[in-house]
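Protein chains: 2
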Amino acid sequence: MDSLENSAGLAVQFADVEAAAKRIAGKAVKTPLLHYPQLDDALGFRLLVKAETLQRTGSFKFRGACNKLMIVKEQNPGARAVVAFSSGNHAQGVAAAAAMLGFKATIVMPDDAPRIKIENTKALGAEVVLYKRHTESREQISSDIAAKTGAVMVPPYDDPAIMAGQGTSGLELCAQAEALGMKADVVIAPASGGGLVAGVAAAVKHLWPAAQVYAAEPATCNDLQRSLMEGKRVGNAPGSVSICDALMSPIPGELTFPVHKALLSGGLAASDADILKAMKFALTRLKLVMEPGGASSLACALLNRDKFRGKTVAVVASGGNADPEMLKRALDGEDFAIP
Amino acid sequence: MDSLENSAGLAVQFADVEAAAKRIAGKAVKTPLLHYPQLDDALGFRLLVKAETLQRTGSFKFRGACNKLMIVKEQNPGARAVVAFSSGNHAQGVAAAAAMLGFKATIVMPDDAPRIKIENTKALGAEVVLYKRHTESREQISSDIAAKTGAVMVPPYDDPAIMAGQGTSGLELCAQAEALGMKADVVIAPASGGGLVAGVAAAVKHLWPAAQVYAAEPATCNDLQRSLMEGKRVGNAPGSVSICDALMSPIPGELTFPVHKALLSGGLAASDADILKAMKFALTRLKLVMEPGGASSLACALLNRDKFRGKTVAVVASGGNADPEMLKRALDGEDFAIP
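Just so you know, the sequences run in chain order P and V. When the letters of the first sequence are read in order and numbered with our numbering, they come out as residues 1 to 339. When the letters of the second sequence are read in order and numbered with our numbering, they come out as residues 1 to 339.
Misleading hints may appear alongside valid ones.
All copies of an identical chain are treated as equivalent in the list; a pair is satisfied when it fits inside any one copy or across any two copies.
Below, a list of computed lysine-lysine pairs in the DSS-like style, where the Cα atoms sit at most 27 angstroms apart [unchecked claim]: (1) Lys311 - Lys183; (2) Lys183 - Lys22; (3) Lys261 - Lys104; (4) Lys183 - Lys30.
Calculated directly from the structure, the hints in this document are not laboratory data.
Could you build all of it, start to finish, from the sequences and the hints given here?
Following this line, the structure appears as structure tokens:
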């Protein structure tokens, strides 16, 4: 089911993405769409990389946060504070957008989040409240803060303004590919709660109805892949883990999943071992730093070379906030076997 | 001496760079000019990065090689073969341009060159002739091959077509900065033989006469910095070494140095230790892989933060062909102390 006829009534529409792009212009970085022509023959497909690693705060998350806070400012001029929960990239995106737009930000983060993400969030001026991932509820802590302080909640994905903001990455991708004289046959974006791939699909399927949009997930947390196969939201087994700290949402969102169901061609998944190989491929062949979650789309492209043979495949590299230890782990590991 | 009045008679002119850009359009990658707005306040200057790391073969060298071979094709339609000597980036640039334009390429490389660089050069279709660095002359071997086979020599820097090709990076830099509504006050490009910084200066000083263009070198191989101070070509002490394997030419070029003398504001230098810190800064803050030589311009910008306070500083990140061990060495090392 990837027809546009199904898009009416979805929580994110093409017009919302266009409006978001106008709203965040000059605030978000217009990240480059990269082509490595020397790799095309060896890969058997034409690879394009939308480098959200180069976005403010090192991931696409600033786009949605900025769009959301701009709308809050328009609709609720008295709002002064925001609160969000996140293991890292949404935290930094919200903190940066809040600082830029004059909000006080409080971010609820697990105490085992990558150090680089906690430190960066603090450096962006946010107050960080740490919680224990396995014994405390981040939702409860966040809503307590919202109730006590009047802060506006900024959800990580299940929000139309967030989805539309993330979709601006897809809108740019289409324009940038066309400026290179190309169109993508396939677009792959990582999915956790699924806000990015929903927004990207809303943009791409409107502009290129024939393109196939896929979600990429770690094989151990492939809730969206299985949900798409079953036609309904199913969750990951409790305790499912992956090196993709950014892609560990337990189940697709209530608002995002109908978008996925209507617009995606399916879900793809990669093992942690293959994601580490993709990170090494990015470092040594693409000269880009990707965090594990950010490399999942690249891993899925490289794993499906037969399926994508001869096509133009655009992957959204959604984030680059990897600790040095994780980069070293990738560099010490195996290479993807490319001819 | 950085006045355009001195540019007449130099081996590379703005018009040559413009012509090169037309010649290599669609063959070389138009590499992005990256801005990281979140870093500007901490750095005290606005940093722009011209990411030649993302060029075909991972360095700017493809630009000059492609321009040179296109001119050979125009002027000498019977030419079928080219020869070059290089242990690294020029080898790959020439091999890639030769393969694209239908020349047989022979590259003379030292037998102790990094295996990956030899393999990459072969993978690009070139014949690699190995020589013993300490007992054989690469110039002699190359000219023997040229004499025997009629192959055209492709020099690494002391050639007007090579300089003009490398200068296309500077031409793009100016246009891309202006598209962002910016102009650089300072442009820094790495220098070995000095072809890149000569070509970049020819472009930048024509378009932005008030901009200051600097060469970046490793402190142990700062022949251009010292030559500019003395007003004549002086060499490095024999046996001078640096981790910047791409920046170890013994003395500025005969054709490049007059360009440097006329157009550059001076030379900057960074220690190997500071270059490693800049590589780590690139990996963790810019999300880019730079090889040591490619990070020298960034290192010089970071080292001169007081000098550049409040300015817009564009650095050319000239290459990204670092092996995993060198990246791990940077990741294990210290951070640049940025507030």
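Please flag the earlier hints that this structure goes against, numbers listed from lowest up.
Hint 3 contradicted; others consistent.
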